[in-house]
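Starting from the structure of chain A, add chain B where the hints point.
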Amino acid sequence: MKKVINNPENVVNEMVEGFIAAFGNDYKKVHHTNGVVIKNKPNRVAVVTGGGSGHEPLFIGMVGEGLADGAAIGNVFAAPTPNTVLEVTKELDSGQGVLYVYGNYSGDVLNFDMAAELAELEDITTKTVLVNDDVASATKEHAFDRRGIAGDIFAIKIAGAAANDNLTLEEVARITQKAANHTRSIGVALSPSSIPSTGKYTFEIADDEIELGMGIHGEPGVKRTKLQTADELTANMLDYIFDDIELQENDEVCVLVNGLGSTTLMELFIVNRKVVEILNEKGISIYDTDVNSYCTTLEMAGVSITLMKLDDELKNYYDKPAYSPYYFKKGRG
Amino acid sequence: MVAETDGVQTYLSTKQVKDLYIYVGQKVIEAKPTLTEIDSAIGDGDHGIGMEVGFNKAIQQLNEIEVEDINTIYKEIGKAMISNMGGASGVLFGTFFVASVKNKPVIDRLTLATFAHLVQSGLEGVQARGKAKVGDKTMIDALAPAVDALNTAVEQNKDLVEALQVACEQAELGLEQTKQLVAKFGRAKSLGERAIGHQDAGATTISIMFKSIFDYVSNLKTNGELLYE
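Residue numbers (this note's numbering), protein chains in the order written: chain A, 17 to 349; chain B, 114 to 342.
Worth double-checking, as some hints may not be accurate.
For each label pair, taking beta carbons as the anchor points, the in silico distance ranges come out as [claimed, not checked]:
1) G305(B) x G34(A): 33 to 41 angstroms
2) K128(B) x H48(A): 29 to 37 angstroms
3) L286(B) x G34(A): 44 to 52 angstroms
4) V295(B) x T305(A): 38 to 46 angstroms
5) E289(B) x K346(A): 17 to 25 angstroms
6) E237(B) x S210(A): 33 to 41 angstroms
7) V292(A) x L286(B): 52 to 60 angstroms
8) N296(A) x A154(B): 55 to 63 angstroms
9) V295(B) x E225(A): 22 to 30 angstroms
10) G305(B) x N296(A): 48 to 56 angstroms
11) A154(B) x V292(A): 28 to 36 angstroms
To be clear about the criterion: a stretch of chain A counts as covered by chain B if any three or more of its residues have a C-beta under 8 angstroms from a C-beta of chain B, and this derived list gives those stretches [as the list claims (entries may be wrong)]:
12) 40 to 47
13) 141 to 150
Derived lysine-lysine pairs resembling DSBU-like cross-links, with alpha carbons at most 30 angstroms apart [unchecked claim]:
14) K145(B) x K216(A)
15) K188(B) x K216(A)
16) K156(A) x K292(B)
17) K192(B) x K44(A)
18) K194(A) x K292(B)
19) K145(B) x K242(A)
20) K170(B) x K19(A)
21) K216(A) x K128(B)
No lab work stands behind these hints, which were simulated from the structure alone.
Note that the Cβ used here is the ideal one computed from N, Cα and C, for glycine as well.
Looking at chain B on its own, in the form it has when it is part of the complex:
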């Protein structure tokens, strides 16, 4: 594994990753009214409700079980979403989490390189299932640039927090660009040109997730709680 600029790798422990995703879930749940409003403009209006159901179940599950590795955290979040949400987002967001850790050896610390590797696998899983590409006005428009940013940061030996900041900015930029796009999937597809001017709800959730991951991890750093290899 490559060393970071200062020669040490920062990482999150399994416990910290669990708390991180509980925080991410809470932030997405808090955004329910916004997500509902965005999705009502061009979709079914059920995205915020679905994400709330999914993350509520995921958080409940994470609090109930003994989490021994990071793989379990991702798997449980994914399964909670797939089993409880319904709609397209249940399968797609659930697949993102399940595919992230599918066929991976046991992971007990989350470095930048590992995180980049997980989200790359998650992205590939979502694309294999949903068939969407960048530019189709879906969650991929925010996810793909964030994953690219993380991969580049790994190559450049960037610091974890710095890398998460760039990923978060790229997700937001990708989200912003969905406003210019015609939709290729879901109910918004039938709106044609009328979807232009509206951002995609799934991409919004991805952007909120990356923003809250960055916030949480930079807070850990500020508090001196990040771990070093």
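This is chain A alone, in the form it adopts within the complex:
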């Protein structure tokens, strides 16, 4: 696979340097780590996200106003070190505590938990919300085992808005946890990505095949099928979500149709067209829709669909304005 890189070992460092070179007015790199934080340290609960690289614009692109205050990132598809998480935490804590919001992966949990212990030694209180929105990654009974994918976007959005409201760490965590609990996603992969350090593809798939439920690091999904039309595929994907979360007539949801890297906006809009049609048929009301590639897997082709079921509290925080170079909401209400 052709990539525009220098030494494969330096891709993450050089990406962060390039990000700061572009947006250094508002962001800074945390010394000696691949951590990125907003320049103006907030005097309230801080929100930190993170995970492996290769999912851009997630995670650094979700740092901004009304969003996360910092992100700790690791190598491609590998969790950040505890040191990175700790330094980001120390940079942002104002004495009111730090909320960690990230996807549920063993490596990330180990490293963030260790950082939380180290932070505690420095008298910084942290709390954690794990995002586990991928319905294809484990059964409903084992939902605690599920991976986090594009649902991170909604959870971070809500966390940032709640923190901005000067709530306590407990409250920010409770509301963010609710957002995570109300969010479900499913993805489909069309073609794999290749890892810069090895040059190898993360999985093999025939030209006319797709894999439903494949994870954002190429984890195996639930079903490999022949390529389907966008309408068939969208209906099949939504069925997995409807089987998992109770949605009744007049319930309100936010929709995210998310590209996995190389899938075009054209395709994403075609998927969204069908999502809207199906939700309308069911009488489910769409409060807001986002169609973009936020949570990617390098150059993987594919799409994920995420629904977050709203209640008044979540809607209130969803409505707050948010801004980063890669995510913005005007705010309403």
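Leaving out everything else, chain B in the frame of chain A:
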């Protein structure tokens, strides 16, 4: 402390333990292509790269600082791994080394009994953090039997080199058994039955570590460089 069969305790000095772990690190780094291949089959494929980063930093650190006791050696290796590797292995292997010497009095000679005590603490530390048990297809599958073998050898007053040989064999046996297992952690978990037939990458590294410890110490013995109390 119990005496060995011949009535004397063999041990390694602080300097020898430092050289031992530099050797162990080099052996793990040499195995990077193998580790990458094993981890690519069912994991993220980054285990070999991670271990290389971790041991390179550890070796660099050991060469730079004044090492006055064995506690420092373990602590520095652990810290280098935790701070530089990332991924699950950084925390787990780093925790192994840090937990080995956590809350221990100053150790300046490594006897069999002391070594068994250290790796036992290391194993407990890894399990407390990672929550894995024997049979979950992780590094624990090689580490736990090796620790058991060392504890048994201490009870039986075995000779240091002989004990390390049994520990090394048990680690390898445990590694071999990971091929039959379904994974409970990490990316391999999502493969279910498809992980069967593949060995675990973390257990492979543990096995390489015990093999190289045995090789190094038996070489010291052959050269008459082992010390006696």
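Hints, one by one, checked against the model:
no., hint, in the structure
1, G305(B) x G34(A): 33 to 41 angstroms, "39 angstroms, holds"
2, K128(B) x H48(A): 29 to 37 angstroms, "31 angstroms, holds"
3, L286(B) x G34(A): 44 to 52 angstroms, "49 angstroms, holds"
4, V295(B) x T305(A): 38 to 46 angstroms, "40 angstroms, holds"
5, E289(B) x K346(A): 17 to 25 angstroms, "60 angstroms, violated"
6, E237(B) x S210(A): 33 to 41 angstroms, "40 angstroms, holds"
7, V292(A) x L286(B): 52 to 60 angstroms, "58 angstroms, holds"
8, N296(A) x A154(B): 55 to 63 angstroms, "45 angstroms, violated"
9, V295(B) x E225(A): 22 to 30 angstroms, "25 angstroms, holds"
10, G305(B) x N296(A): 48 to 56 angstroms, "37 angstroms, violated"
11, A154(B) x V292(A): 28 to 36 angstroms, "42 angstroms, violated"
12, 40 to 47, "violated (count 0)"
13, 141 to 150, "violated (count 0)"
14, K145(B) x K216(A), "16 angstroms, holds"
15, K188(B) x K216(A), "35 angstroms, violated"
16, K156(A) x K292(B), "29 angstroms, holds"
17, K192(B) x K44(A), "26 angstroms, holds"
18, K194(A) x K292(B), "40 angstroms, violated"
19, K145(B) x K242(A), "37 angstroms, violated"
20, K170(B) x K19(A), "28 angstroms, holds"
21, K216(A) x K128(B), "41 angstroms, violated"
Of the numbered hints given earlier, the model fails hints 5, 8, 10, 11, 12, 13, 15, 18, 19, 21; all others are met.
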